[in-house]
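2 protein chains.
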Amino acid sequence: MEQVRLGIIGIGGMGTEHAKGLLAGKVPELKLTAVADIRPARLEYAREHFPEEVQRFSDGRQLIDSGCCDAVLIATPHYYHPEYVIYALQHGVHALSEKPAGVYTRQVREMNEIAKKSDKVFAIMFNQRTNCVYRKLHEMISSGELGAMKRMNWIITDWYRTQAYYDAAGWKATWDGEGGGVLLNQCPHQLDLLQWLCGMPKKVRAFCHEAKWHDIEVEDDVTAYLEFENGATGVFVTTTGDAPGTNRLELTFEMGKIICENDRLEFDRLNENERVFCKTCREGFRKPEVEHLLPETDGMNEQHIGVMKAFAARILRGESLVAEGTEGIRGLTLSNAMYLSSWLNETVEIPFDEDLFLRELNRRRNTSVKKEDKGIVFSTEGTY
Amino acid sequence: MEQVRLGIIGIGGMGTEHAKGLLAGKVPELKLTAVADIRPARLEYAREHFPEEVQRFSDGRQLIDSGCCDAVLIATPHYYHPEYVIYALQHGVHALSEKPAGVYTRQVREMNEIAKKSDKVFAIMFNQRTNCVYRKLHEMISSGELGAMKRMNWIITDWYRTQAYYDAAGWKATWDGEGGGVLLNQCPHQLDLLQWLCGMPKKVRAFCHEAKWHDIEVEDDVTAYLEFENGATGVFVTTTGDAPGTNRLELTFEMGKIICENDRLEFDRLNENERVFCKTCREGFRKPEVEHLLPETDGMNEQHIGVMKAFAARILRGESLVAEGTEGIRGLTLSNAMYLSSWLNETVEIPFDEDLFLRELNRRRNTSVKKEDKGIVFSTEGTY
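Protein chains in written order, with the numbering used here: chain L, 1 to 384; chain F, 385 to 768.
Think of the hints as simulated: they come from the structure by calculation, not from any bench.
A few of these clues could be false.
[Said to hold, decoys possible] Label-pair ranges, simulated between beta-carbon atoms: (1) L:Gly199 x F:Lys410: 44 to 54 Å; (2) F:Asp647 x L:Arg5: 37 to 47 Å; (3) L:Asn262 x F:Glu432: 49 to 59 Å; (4) L:Asn230 x F:Glu730: 19 to 29 Å; (5) F:Glu673 x L:His138: 30 to 40 Å; (6) F:Glu703 x L:Gly199: 54 to 64 Å; (7) F:Glu680 x L:Asn262: 22 to 32 Å; (8) L:Glu283 x F:Gln387: 32 to 42 Å; (9) L:Val276 x F:Asp647: 22 to 32 Å.
Values in this document were obtained by computation on a predicted structure and should not be read as measured data.
Using N, Cα and C, we set each Cβ at its ideal position, and we do this for glycine too.
Go ahead and model the full structure; you've got the sequences and the hints to work with.
Below, the structure written as structure tokens:
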């Protein structure tokens, strides 16, 4: 079998987990041939735990230049994702970036311009798009059977993190090291799914609370109000401070209501379009009739493995990716708009002023305080 | 048995329903002795359907002055609630007002001042406070066992109304006739329960959409963001345009999460306070342990009948009311603050400028367009 030789840049929590999956043969068409990390302790870990033939580099660029990889998976801190993607694509190496696409859209826009001109594959780790529940939902919405969306409400608060989580790594939860908090680290999947399922909002008014539940620089509690092109409204609530949290997405359409919670869908389907019923019914308190359905999915949910399999299949045979790398900018646009709205204390329209965002971000980076790096790597097994 | 002689002022939808309940003997200590309505057609209805001994008046003041009632139940359009309450109390007659307490807090503040000086009973129809589920929740929160509240999220969108509902009465859903929409007509219960359970927020940022789903003047779609004194945040979403709607209240506390939906409570109780766990746990991804409980209630839910029974018992024996009339100002403060925030397009702090609110309201009343009154009275059975 033909295999793609893959290097992983950044073997902290996520990168190490990906390496283990590949070494366990979970993605037969990808062969782990190298890893890179700027931290000697992580390379030492790789020397001890990975097979001898997995080469080790202290710099991602050296790994790309070495010629031992056809493709790279980038799992560094967020600021470096675009940098390594660009370097890889410009040096003839395919790139799969961890989420988020970057920290600010201007940086990601530059990356996307380069990716569009490149003949190499550029993918992004939106592994939640492999979840059968979201795929089914996407299929139902795309089919048009639901009519226009009227409202969305996503409470995604099951990202509980302790103070120890934030204390483990020097870059975490600082403006300069990570560039954001729960919106940038935990929520890129939901923000991507939000735009994938509902489209991009036009207006965002967000309330980001920094250091609310943890001793950190960035936000760990967010409530955002959204308005979409067609007038639909939405709410997005997230935090790393709630235990137990909730992951409940409620969507209202002209043809009924869908609730996505506990890995299943519930669909209250109306017997007629509500917009028509409202205008034609002669009674004041009547409602359209409802049928309660549990839409079936195919049960498949390959997560990271699915994204990596599709990445290899695209490189080898031109098949579909789970998510094109260039699509990463959309979810990032949402989180950037939420930050900007909260910083300016006003509603932000999309597209927003990317230079203004960068100035505001840099102001925070300039006063960012470097933390001691304890070099602790928690297992991310079971997280996203 | 001693009975309180009760008059009902306003026999539209709600007033007629109350009259039927009393005539059916559901509140043994209240005896319906009179009704008043400015609409001849409603008095004609009363003549045809109510016993001969129920006197009829074309003016609520005449009813109060007549001496045939010890107490009145006021079920007129909202603007007139304070006016009749004041007239009743000042003329030695006990008053039970339908919700809301009024349309603007300045008006209600005047009413409350008079009520505080009166020795007559003043109650308000917050019948949802009789619901065993909310009573149990109130008891759990008040006991202190849950610790501080961290977050609340109430999606209360099961108020579906057709265009025919709004077209039925001339005063409905106009700024001049009703003074507001879903916040003022449908939501006073939830806004009262919100403050009863969670306390009053300090800041409100609301997005009220007028005539979004119906051909009306006032709002039929609202999303509001709240901030409480202790830093807790909240979301309140309501509409009369969603079918089927949702009534789901989620509250997060230091000791766990409570969901109130489908007339029952679910409580995920932590084995320790999250705030302590967060700071002391040495692992990054661990969570406090959770026990899933279904708190039991006493099953009692007397609704309007319960409020009326307590009203009579207070008058006859000084017992507890379901809700003191003067408490009506709190929920109204919430809806007024939501309107003001939306009108000004900014965050409003509570207490807000009541004169500014009234000026803004009057500006809308001045351009309000009077609708034809079709005189249709829909049965409100099964609504709140």
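Now for the hints, and whether the structure bears them out:
The hint said 44 to 54 Å for the Cβ distance between L:Gly199 and F:Lys410, and at roughly 51 Å that hint holds. Separation of F:Asp647 from L:Arg5 is about 59 Å and departs from the stated range, judged on CB atoms against 37 to 47 Å. Distance hint check: the CB atoms of L:Asn262 and F:Glu432 are about 54 Å apart, consistent with the given range 49 to 59 Å. The beta-carbon spacing between L:Asn230 and F:Glu730, approximately 25 Å, falls within the hinted interval of 19 to 29 Å.
F:Glu673 and L:His138 have their C-beta atoms about 35 Å apart, which keeps the hinted 30 to 40 Å range intact. Under the hint 54 to 64 Å, the C-beta atoms of F:Glu703 and L:Gly199, about 56 Å apart, fit the expected range. For F:Glu680 and L:Asn262, the Cβ-Cβ distance of about 23 Å falls inside the hinted range of 22 to 32 Å, so the restraint holds. A hinted range of 32 to 42 Å for the beta carbons of L:Glu283 and F:Gln387 is consistent with their spacing of about 37 Å.
Checked against the given bound of 22 to 32 Å, the beta carbons of L:Val276 and F:Asp647, roughly 31 Å apart, stay inside it.
The structure shown violates just one earlier hint, number 2.
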